[in-house]
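Dock chain B against chain A, hints included.
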Amino acid sequence: MSVDKQTVQKIASLSRIAITDAEADALVPELNNILGWVEQLGEVDCKDVEPMTAVIPNKLRLREDAVTDGDMRDKILKNAPAAEHGFFGVPKVIE
Amino acid sequence: MTESTYRIQGATGEWEVVIGLEVHAQVTSNAKLFSGASTEFGAEPNTQVSLVDAAMPGMLPVPNKECVRQAVRTGLAINAQINKYSRFDRKNYFYADLPQGYQISQLYHPIVGEGEVQISLDEKDPDAHGKAIGIERIHIEQDAGKLMHDQHPTMSYVDLNRCGVALMEIVSRPDMTSPKEAGAYVKKLRSILRYVGSCDGNMEQGSMRADVNVSVRKPGEELGIRTETKNVNSVRFVQQVIEYEAQRQVDVLESGGEIVQETRLFDPDKGETRSMRSKEDAHDYRYFPDPDLLPLELEDDFIFDCKASLPELPDEKRARYKNVLGLSAYNAAVLTAEHETALWFEKLLDTSNEPEKIASSAANWMTSELFGALNKMGLTITESPVTPEQAAELLGLVADGTISGKIAKQVFEIMLETGDGAAKIVEEKGLKQESDTGAIEKVIAEVMQANADKVEEYRGGKDKLFGFFVGQTMKAMQGKANPQVVNELLKKTLDN
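First to last, the protein sequences are chains A and B. The first sequence begins at 1 in full-length UniProt numbering and counts up one residue at a time. The second sequence begins at 1 in full-length UniProt numbering and counts up one residue at a time.
Isolated chain A, as found in the complex (with noise of 0.2 Å):
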């Protein structure tokens, strides 16, 4: 598997990182350095070698449906760029 400059600078698009056309010259290598070392994963046969999700003996921890959080809007919209009555203010986004 390997990526050519297109697909950096789409991967860059939609996860909006603004990168220069230079940039994206550099990262086409390194990308495809770090996928090409991967890569060397699919060469062991693990077909019947259930997926680890823990390296130790762990279950997913549920919690009981209480509410125990929240009423800090300061708080939350401490590090906001803007902030009106309440909500956080962005630019204007409308279908």
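If you're looking for bench data, these hints aren't it; they were derived computationally from the structure. Just so it is clear, the structure is predicted and the values come from calculations on it, not from any experiment. C-beta atoms are modelled at their ideal positions from N, C-alpha and C, and glycine is treated no differently. Errors might be hidden in some of the hints.
Claimed, not checked - Selected chain A positions facing chain B (Cβ under 8 Å, derived; list incomplete):
id, residue
1, K47
2, K59
3, A66
4, F87
5, F88
6, P91
Frame of chain A, contents of chain B only:
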């Protein structure tokens, strides 16, 4: 269901419509799917947001057990396979209503697999016009926040209160072939969700909304290319979307064009759908398993408890009303369609030691008198000014002959106005029915005397005059005579 086959008449012949629905149902829970913030509707903006919901760095999601339980109960209610192993995945996209940059959902291993929902196209006799709609899966996922575009000239406002609230996405097979079937499916699904208590089914508040997939084809041909109209929030709109979209697709295809697989928006004011071009890129969601969450593994005991906690569901209840309580197919269907109605009816029956005996008259009274009155006042059954206990008292007075059915209507109207009990009204207004044969015979004698000519005609063979005598007798007794006794006595006296 051949008698109701839905077809679009095009210039080149008939077209068939194929419909599948993805219904998003907000799970009834106190707290959100992965955080302890409240889910309550209508709070001040951004007051029900935790650091997890706001996607602050380092925050970790912990699933809410109740949301898992409700999804499993919903799956069991539609006889679906429950997957003891399921997993959460990240669906990546950027939008202002989703601070994480991804929605936690279940793509590869949903919690609920295949099931089905029985729909009916005839509420008068559901069994005769039933159809099974296949359910492909139900998975749980996070809802997004709410955007407001009309409050500021250059900015959109974001409220994250809804962000992270649990949704069930209920995905149907493309088994529906008309707007009516799709409408019946949404109504039935809503009814089941309300019975189960896993979603309030309130479409106006957005706690249940549908993505409508529509394609058209010539009968017998391969499936056509479909479009998906997002976030449709009423049964009527779902049907409008299908009508509009099917006709639009036929027009495009017949004029030599091609259908593009795309996401569309419904405009309720115009009754049209239009393309959401900006979402074209969005379909590249780059799903992958969420590394913050281990697989969700369910124990048999947990599933067993979910099953044990299910109430009697609408189809079972309808069958019982019909077969055990002896209700008509129509009454059984109407009284079980909404859980609240069935509960009201059962409370009424609970007042009796022999519920089977009063079931039919109670059902008839509810579907005609009570529903008629509520309709006129614009109230739902839960807002009824008359309680089931008060209704039982009224019906009891009819059953034991204290008042006639006709007087009962008057009494009911006074009950609605004053809130008084039926017995008190009957007592105070002197509406008690006269069943004393002596008193009635006396009036009959007077009526016959005053209408000797008519008696002559009747006895000469003019049977139809019988009704006249009944009317005169009732009139003379201000409608309070027991009609059955009047009939019997009149017959006896006149035929002698």
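Structure-based check of all given hints:
| no. | hint | in the structure |
| --- | --- | --- |
| 1 | K47 | violated (18 Å) |
| 2 | K59 | holds (6 Å) |
| 3 | A66 | holds (6 Å) |
| 4 | F87 | holds (4 Å) |
| 5 | F88 | holds (4 Å) |
| 6 | P91 | holds (7 Å) |
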